[in-house]
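K.L.:
For reference, the chains in residue letters:
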Amino acid sequence: GESVGLHLPTLSVQEGDNSIINCAYSNSASDYFIWYKQESGKGPQFIIDIRSNMDKRQGQRVTVLLNKTVKHLSLQIAATQPGDSAVYFCAENRRNQGGKLIFGQGTELSVKP
Amino acid sequence: NAGVTQTPKFQVLKTGQSMTLQCAQDMNHNSMYWYRQDPGMGLRLIYYSASEGTTDKGEVPNGYNVSRLNKREFSLRLESAAPSQTSVYFCATDRARTDTQYFGPGTRLTVL
Numbered sequence: 001g002e003s004v005g006l007h008l009p010t011l012s013v014q015e016g017d018n019s020i021i022n023c024a025y026s027n028s029a030s031d032y033f034i035w036y037k038q039e040s041g042k043g044p045q046f047i048i049d050i051r052s053n054m055d056k057r058q059g060q061r062v063t064v065l066l067n068k069t070v071k072h073l074s075l076q077i078a079a080t081q082p083g084d085s086a087v088y089f090c091a092e093n094r095r096n097q098g099g100k101l102i103f104g105q106g107t108e109l110s111v112k113p
Numbered sequence: 114n115a116g117v118t119q120t121p122k123f124q125v126l127k128t129g130q131s132m133t134l135q136c137a138q139d140m141n142h143n144s145m146y147w148y149r150q151d152p153g154m155g156l157r158l159i160y161y162s163a164s165e166g167t168t169d170k171g172e173v174p175n176g177y178n179v180s181r182l183n184k185r186e187f188s189l190r191l192e193s194a195a196p197s198q199t200s201v202y203f204c205a206t207d208r209a210r211t212d213t214q215y216f217g218p219g220t221r222l223t224v225l
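As given, the protein sequences belong to chains X and V, one line each in that order. Position 106 (the first sequence) corresponds to 106 in the working numbering; numbering is contiguous. Position 107 (the second sequence) corresponds to 220 in the working numbering; numbering is contiguous.
To be clear, the hints were calculated from the coordinates, so they are not data collected in a lab. What you are looking at is a predicted structure, and each value in this text was computed from that prediction instead of being measured. It is possible that part of the hints are untrue.
Derived DSSO-like pairs (lysine-lysine); straight-line CA-CA distance at most 27 angstroms [as the list claims (entries may be wrong)]: (1) V:Lys127 to V:Lys184; (2) X:Lys71 to X:Lys37; (3) X:Lys42 to X:Lys100; (4) V:Lys122 to X:Lys42; (5) X:Lys71 to X:Lys56; (6) X:Lys42 to X:Lys112; (7) X:Lys37 to X:Lys100; (8) V:Lys184 to V:Lys122; (9) X:Lys68 to X:Lys37; (10) X:Lys42 to V:Lys184; (11) X:Lys100 to X:Lys68; (12) X:Lys37 to V:Lys170; (13) X:Lys37 to X:Lys112; (14) V:Lys127 to V:Lys170; (15) X:Lys56 to X:Lys68; (16) X:Lys100 to V:Lys184; (17) X:Lys100 to X:Lys71; (18) V:Lys127 to X:Lys42; (19) V:Lys184 to V:Lys170; (20) V:Lys170 to X:Lys100; (21) X:Lys56 to X:Lys100; (22) V:Lys122 to X:Lys37; (23) X:Lys71 to V:Lys122.
To give an idea of the chain X side of the interface with chain V (calculated C-beta under 10 angstroms), a few residues [unchecked claim]: (24) Leu66; (25) Lys71; (26) Ala79; (27) Phe89.
Virtual Cβ for every residue (Gly too), placed ideally from N, Cα, C.
Model the full structure from these sequences, guided by the hints.
P.N.:
In structure tokens form, the structure reads like this:
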């Protein structure tokens, strides 16, 4: 099938804790994945991406892990802050289909002070 | 450097009215896209333009038309708006069809 899905629609964490947002995909030929952050009333904002020849990629306070065996990726946010509250989308760029971008439905992250 | 801009930010239409949503980018990107975002549905591709002079249908093209006016601008037209087209519309761009897409701030459209 063609789907990129998120395991949980909402996630609530305490300020300062680490957050983990999960995403599953079904197309084994997918080779490029992107995480976006969308704050209320704004467009999706690029956070980090990872290609299929990598298992892990780190950015500023964020880490993306890719497990191709089980077709799963996750976004880890270290020391979560109130400004991290948003909806997070994983997206799969299907290069073998002309770069078609498939989005998951999103996980809403809520950070409690 | 404004990135991707969209106008208007908000719009209310009556059923049957027409309007054009505008998108412009100053990132010198080749590809441009129009998405709609509905609650619980994620982002769905309406139309895209891989390069200046070309346009192609996406996942949900019915009821829409597009124009790639030049490299910078990509417009979305609703000829006869319907309540089912109430949504938030996002324009996006990337250097090529296999690159990361960057999004505009969105247009919130309500059709009564």
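K.L.:
Which numbered hints turn out to be false for this structure?
P.N.:
Structure breaks hints 1, 23, 24, 25, 26.
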